[in-house]
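Quick note, the sequences are listed as chains A and B, same order. Just so we're aligned: the first sequence equals residues 1 to 327 in our numbering. Just so we're aligned: the second sequence equals residues 1001 to 1255 in our numbering.
One or more hints might be untrue.
Claimed, not checked - Calculated pairs, BS3-like style, for lysine-lysine (alpha carbon to alpha carbon, straight line, at most 25 Å):
#1 A:Lys175 to A:Lys80
#2 B:Lys1069 to B:Lys1159
#3 B:Lys1137 to B:Lys1125
#4 A:Lys203 to B:Lys1251
#5 B:Lys1069 to A:Lys297
#6 A:Lys80 to A:Lys61
What the hints assert, rightly or not - Derived coverage of chain A by chain B (criterion: at least 3 residues anywhere in the stretch with Cβ under 8 Å from a Cβ of chain B; other residues may be distant):
#7 159-167
#8 220-230
#9 263-269
Derived by calculation from the structure, the hints in this document are not laboratory data. Note that the Cβ used here is the ideal one computed from N, Cα and C, for glycine as well.
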Amino acid sequence: MKKTALLEAQALKAYYSTRQGYIKAVDNVDLTIDRDMTLGLAGESGCGKSTLMNALMMNVKPPLHLMEGTIVLDGRVISKMDRTDLKKDVWGVLVSLVPQSSLNALMPTKRIIDFIKDVIHHHTDASDSEIVSRARKRFEELNLPVDSLSLYPHELSGGMKQRAVIAVSTLLNPKLLIVDEPTSALDVSTQKQVLRMLVDLRKTGIIESMIFVTHDIAILRQIANWITIMYAGKIAESGPTEDVLFEPKHPYTISLTSAVVTPEPEVRERGLASIPGEPPDLLDPPKGCRFYPRCTKAISICRSVEPPLVKTGGSQLVACHVASGGG
Amino acid sequence: MKIFTVGLFKRREIVAVDDASFDVEPAEFVSLVGESGSGKTTTARMILRLLQPTSGQVICEGRDVFGLKGIEESKSYYRTVHGIFQDPYAAYNPLHKIDRVLNQVFELTGHSGAERDGLVKEALKEVGLRHEDVLGKYPHELSGGQRQRIMVARCYMLKPKLILADEPISMIDASTKASILRLFSKLRDEHGTAVIFITHDLGLAYYVSDEVLIMSQGSIVEKGSPDDIMNHPQHTYTRKLREDIPLFYRKWPGF
Chain A
1 MKKTALLEAQ ALKAYYSTRQ GYIKAVDNVD LTIDRDMTLG LAGESGCGKS TLMNALMMNV
61 KPPLHLMEGT IVLDGRVISK MDRTDLKKDV WGVLVSLVPQ SSLNALMPTK RIIDFIKDVI
121 HHHTDASDSE IVSRARKRFE ELNLPVDSLS LYPHELSGGM KQRAVIAVST LLNPKLLIVD
181 EPTSALDVST QKQVLRMLVD LRKTGIIESM IFVTHDIAIL RQIANWITIM YAGKIAESGP
241 TEDVLFEPKH PYTISLTSAV VTPEPEVRER GLASIPGEPP DLLDPPKGCR FYPRCTKAIS
301 ICRSVEPPLV KTGGSQLVAC HVASGGG
Chain B
1001 MKIFTVGLFK RREIVAVDDA SFDVEPAEFV SLVGESGSGK TTTARMILRL LQPTSGQVIC
1061 EGRDVFGLKG IEESKSYYRT VHGIFQDPYA AYNPLHKIDR VLNQVFELTG HSGAERDGLV
1121 KEALKEVGLR HEDVLGKYPH ELSGGQRQRI MVARCYMLKP KLILADEPIS MIDASTKASI
1181 LRLFSKLRDE HGTAVIFITH DLGLAYYVSD EVLIMSQGSI VEKGSPDDIM NHPQHTYTRK
1241 LREDIPLFYR KWPGF
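With the sequences and hints as input, model every part of the structure.
Right under this line is the structure:
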């Protein structure tokens, strides 16, 4: 029997309500996260990456609304659950989100260990001493200095703070960890330490799968085995890392990968490229393909018909009339 | 332009910058690369006369910039050397529209009224902004990336002899960073503008610089051509920095 996916989201629509109308930040997205997968989600700022992550774990609060769609996480239909049940049985236990601003997630007036006690008491009735020994063991496992548990957040460096936040979020061994731009504020050396820790979380089996959200494609090359490219609220392309990065099919992915600036001879040879134009306004996105105003390969059908996300040989998926030979 | 030994001691004797010496020639693109806390921004602030060094000098076109007297000399210095900062929000007055920060440039350049509108629109176009998207708006209505682009547009209007840019494009998407850097190169090629580009991104510095300076704990530990720094790094710190940059065509061992 085929193993079921860890998370399956279908026909997801998450909109922000504003006075001018709905901002269609996530518009008809299907996404499957397999077990033992690190999925890298990439796209420009404002493409709906962070909104999709909040929707996936049902962290939707007005003005954000889940308009349509079903989400099944580890066999449970979480899109039908209410906030009380989500808090009790899902968040922190099945799925944890480390949001973009998480460097400030720790309580400034509490030592790390006291913060951990508070968080864990919400989910279990473990005693304080049990929690302390569990936290110490986990910090050791992840090569974090155990002494830092008795420090206040301001006494930690940026990289250490970020690693502590991730360690706290995964203390209850959630099956899925979602990290949103966890390293964009860090220096390269600290960034590498955080990435190393995320890789270890999967290798040690503390978490099963991970979604890593970033606009830095080179990071995804290092840690993701599956890459999903998002553009203007929709998935443009999705597939195994090597396929998407080295044989991109969607014109947007092609531009995105050729805009990568890493100090390598191959990049120097091809020169620096950037994508002209700006992403569309999600209050009133273009009809048809949302990328066609910026696309150099657009044909007439692209203006009127929205391209579906279809398989192009192997397991790579692409939403483009030209790439999939339609039109 | 020459910049000499500079040393700054803050209160409690924290040495932020300790013995940093380098020169920038006309039309030269120099990158100052280091991690946060390495003293890059302190160096920039001294060059812009915002902080007085404890010892050492900053010399621009033969004159010590801390010896300049009066408003006229100071104005003339800021016409020659123009700074762009990491967080452009602080450079805007939140109560005034974006137009003002652009029009302020004309107090330094003295363009006539007829030329002004055209130059503003041209500059915005050069940094990839549509003037109808930004003019008439307030700073908080723009994204961090847009605010950074407007600061670069100001540079384009002013055409200074030296641009001192401290992480000027840190909030701009990876996919459009290259186009902004190309604008600096264009000013260099067409107007002989020199650039000091301060960044933690050795990858970006590699492509645009004539010379790369590596800064660590307040000192410049290595300087050389981008190829020397990338291919034959001498200092252990430079080697570590290079190894920790995520690459596209090569995977880290053990990941």
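Hints violated by the structure (numbers, ascending): 5 and 7
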